[in-house]
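Chemist: These protein sequence lines are chains A and B, in that order.
Take the first sequence: its position 4, counted from the start at 1, is 4 in my numbering, and no numbers get skipped.
Take the second sequence: its position 52, counted from the start at 1, is 1052 in my numbering, and no numbers get skipped.
Since the hints were made in silico from the structure, they are not lab data.
Virtual Cβ for every residue (Gly too), placed ideally from N, Cα, C.
One or more hints might be untrue.
[As the list claims (entries may be wrong)] Chain A is nowhere near these chain B residues, computed Cβ spacing over 12 Å in every case:
{"no.": "1", "residue": "Ala1126"}
{"no.": "2", "residue": "Val1320"}
{"no.": "3", "residue": "Asp1339"}
{"no.": "4", "residue": "Glu1353"}
{"no.": "5", "residue": "Glu1374"}
[Said to hold, decoys possible] Derived DEER-like restraints, expressed as beta-carbon distance ranges:
{"no.": "6", "chain 1": "A", "residue 1": "Glu212", "chain 2": "B", "residue 2": "Thr1135", "range": "29 to 37 Å"}
{"no.": "7", "chain 1": "B", "residue 1": "Pro1258", "chain 2": "A", "residue 2": "Leu130", "range": "50 to 58 Å"}
{"no.": "8", "chain 1": "B", "residue 1": "His1096", "chain 2": "A", "residue 2": "Ile33", "range": "52 to 60 Å"}
{"no.": "9", "chain 1": "B", "residue 1": "His1096", "chain 2": "A", "residue 2": "Leu122", "range": "51 to 59 Å"}
{"no.": "10", "chain 1": "B", "residue 1": "Asp1339", "chain 2": "A", "residue 2": "Ala310", "range": "57 to 65 Å"}
{"no.": "11", "chain 1": "A", "residue 1": "Ala310", "chain 2": "B", "residue 2": "Asp1072", "range": "28 to 36 Å"}
{"no.": "12", "chain 1": "A", "residue 1": "Lys176", "chain 2": "B", "residue 2": "Arg1323", "range": "50 to 58 Å"}
{"no.": "13", "chain 1": "A", "residue 1": "Gly301", "chain 2": "B", "residue 2": "Met1105", "range": "50 to 58 Å"}
{"no.": "14", "chain 1": "B", "residue 1": "Thr1014", "chain 2": "A", "residue 2": "Ala306", "range": "28 to 36 Å"}
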Amino acid sequence: MGLQQSLPVERAAGGDRQRLDVREMLTRYGTFIALIVLIVVAALLSPRFLSPVNLMNVLRQTAIVGVLGIGMTFVILTAGIDLSVGATLALSAVMLAGTLESTGNIALAMLAAVLAGMAVGLGNGLGVTLGRVQPFVMTLGMLGIARSLAFLYTGGEPIPVLDRTFLTLGIGYLWKVPIPSIIFIAILIVAALVLRYTPFGRAVYAIGSNEEAARLSGIEVGRVKTSVYVISGFTAGIGAIMYCSQFASAPPIAGEGYELDAIAAVVVGGTSLFGGQGGVIGTFFGALIIGILSNVLNLMGVSPFAQPLAKGALIILAVLIVGRGRRG
Amino acid sequence: MNRNSPLLEVVGITRRFPGVTAVDGVDFSLRAGEVHALLGENGAGKSTLIKILGGALGKDRGTILLNGASVDFHSPADALAAGIAVIYQELVLCPHLSVAENVLMGHLPRAAGLGIDWPAANRRVAGVLAQLGVTLAPTTLVGRLSTAQQQLVEIAKALSRDSRILVLDEPSAALGQRDLEHLFGVMRLLREQGVALVYISHRLEEVFAIADRVSVLKDGRLVGHWPIGEVTMQGLVRAMTGRDLGVIGGAETDIAAPVRLEVRGLGRKDAFQDISLSLRAGEIVGIAGIVGSGRTELLRAIFGADQPETGEIEVDGVPVRLRSPVQALRHGLGLLPEDRKLQGLLLGRALRENVSLASLRRFTRFGILRPAQEERAVRALMGELQIVARGSGQSVETLSGGNQQKVVLARWLARQCGILLFDEPTRGVDVGAKEEIYRLIHALAASGAAVLIVSSELKELFAICPRILVMREGRLAGEFAGSHLREEEVVDAMLMGGRSDGTAAVATG
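Generate the whole structure from the sequences, applying the supplied hints.
Modeler: Following this line, the structure appears as structure tokens:
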């Protein structure tokens, strides 16, 4: 790292620009390029891949992990991690289903899901800031707690979700696009704008980049860090709404392992696990890459036993390529 | 040993990076038993050159001759094997291991079987340390040592491998006066033993104190090399910068100006006790003291970064309790922290974000940032501080030390703080940028800001502060102003606590 620092900046501007640019292109657009390559390969391997029905399927299946990934991006940008999102999704889902069952009120049920998610997030945030528990440990503990609460609430059985109006959310279309994908894109746009054009967004990057410097510059570090976990809980709640409306059921095992897919989407999307670098647009592409990969493997009839292998290899490969030229 | 034929000779070394030639046809020679100072502004190519010598970087062209034979290093291990050890600014010791383990890392003596012969290891390290005149137990954990002691461990590590050439990259940046004297003592000892030393520093006084010869680099080229007796400080500055260093006098204190900051009886356990001081608008007050005297802790406590346990603080005559930096900022205080990389900069982020970080509210309306306004303010500050960068979007990681420091300064200018606490404002900054920072501090004071400066460089305090407070072992040990502002007295207060009756020395005139 000291290498670049020893160079006089004024002269770095001239000279062989070409090489610098290629490298920067790869760092900046690597995820996007990988996505294009993957789409081309997928289309060549399976003619069905490019059919509109299949593409819509991919979009719908990407939505949940994508939404979780957006919340996860906020957390990871502050150099944190949220391992509890899958379990939080389950807790939110059973709260939603339970509320819907007893009141029949869709709005109230969705509110219950989102509030449950945010409450879990608040717990994570306070544990990390006030309790000074490491994010990994705090959210790992919360994973167990939330999952267990979901089991206790349902007695272990899934709660069916039968309201037809509500189910359109998961399986319906708006302007020929699956509704979950529209929700995903809407949240993505808001998140991208918040990160770029608000003091809160700047604070998120500042904390991930150098927490002490941020604190000494008057950033309310505790408040911002708590907020990112609440945001992650919120997106888990939204994920629960999508899950219940797609699968017409709220099992307490819902969302198992989703936290890993969400983290993978963030990392493949070029966000540094050390914080301070990256963003939600990358996560969008990262989620698409993972979604498309699963889809292609299914289309090609690859054994489900081999699928995680392909996914894991892809994640490592993507980070090797995207991560080159990036420090830490 | 023949002291006249060079031990190491470097001829026409060139190293290019994309977009820049960092070292361009540089010649350099080193004799056994000499201290050779290597000078140059940030970005002049010193770091690149020593990395090539240490095997951390390859060269594009040129020859390295060791004892007259051409050598080619492919890794730091190669250079070490050839007897060249480079001690970088960022020390690379393992804090959780003992002094002995660090010194002998990779070649700890083996006992029978797979074990390590600890008694032998400790004996050997004790021997090396004794050779350096250092009293340190080989079993101490390195993490418990001061920076100065860690440097000595690095030197011991180099000696334990029979290094004949020792390169010290700005060892003084993190040292107080007393530690520096000790280091110089060690260097003189090594010189007598025939070791060749390359010494890099930004502080010219040190170069005159220790070096036998001096080489100056500028923009990747060698400007020249001279025996130390043949150059003057002015001459070296001219060689490094291409111009003369202007002299800046201290501004006089206006006793009619309102008091901006009043500190009474401030104390924090294990750091400092019973500190009282006042700071008027337009005033520049210096705090002198060796490392560990509590000066940095005092600034942090005033700023609310750490909590003082006793005492009170008034801002503009109103008592305040500053429980966090957020509250300090609201009262118009700004802190330039001691270590810009650890506490000041968002290294991977753009210059723009670094500058506006403390004043985002200024650029926000209805909760939304206004990039055009921000950009305009940042541009203006870049011009005012003469920050050299490709643009406001450049990552601060790639800026030189001086420009990085200006970025942190710009952050507080953007915030328009009325009370500024500067901790080592020119540490690791080259001569040219230093001068600009001094001018800026003066301009700030002239516009009514109150400035409190902590510095390890007495010369610096004398150059810019009409009034200097001295801290020693956590207490105020003296206050000097006007005709009493003499270097010997300040140093005396720093080290001995001033008057023999034990009371603080207060001398104003």
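Chemist: Hints first: check each against the structure and report whether it holds.
Modeler: Do the hints match the structure? See the list:
1. Ala1126: Given that every Cβ of chain A is farther than 12 Å from that of Ala1126 of chain B, nearest at about 33 Å, it holds.
2. Val1320: holds, 15 Å
3. Asp1339: Violated: least Cβ distance 9 Å, not greater than 12 Å.
4. Glu1353: violated, 6 Å
5. Glu1374: violated, 10 Å
6. A:Glu212 to B:Thr1135: 29 to 37 Å: holds, 34 Å
7. B:Pro1258 to A:Leu130: 50 to 58 Å: violated, 40 Å
8. B:His1096 to A:Ile33: 52 to 60 Å: violated, 42 Å
9. B:His1096 to A:Leu122: 51 to 59 Å: About 36 Å separates the Cβ atoms of His1096 of chain B and Leu122 of chain A, which means 51 to 59 Å is violated.
10. B:Asp1339 to A:Ala310: 57 to 65 Å: Because 45 Å falls outside the window, the suggested range is violated.
11. A:Ala310 to B:Asp1072: 28 to 36 Å: Between Ala310 of chain A and Asp1072 of chain B, where Cβ atoms are some 44 Å apart, the hint is violated.
12. A:Lys176 to B:Arg1323: 50 to 58 Å: Since Lys176 of chain A and Arg1323 of chain B have Cβ atoms about 56 Å apart, the given range 50 to 58 Å holds.
13. A:Gly301 to B:Met1105: 50 to 58 Å: holds, 54 Å
14. B:Thr1014 to A:Ala306: 28 to 36 Å: violated, 52 Å
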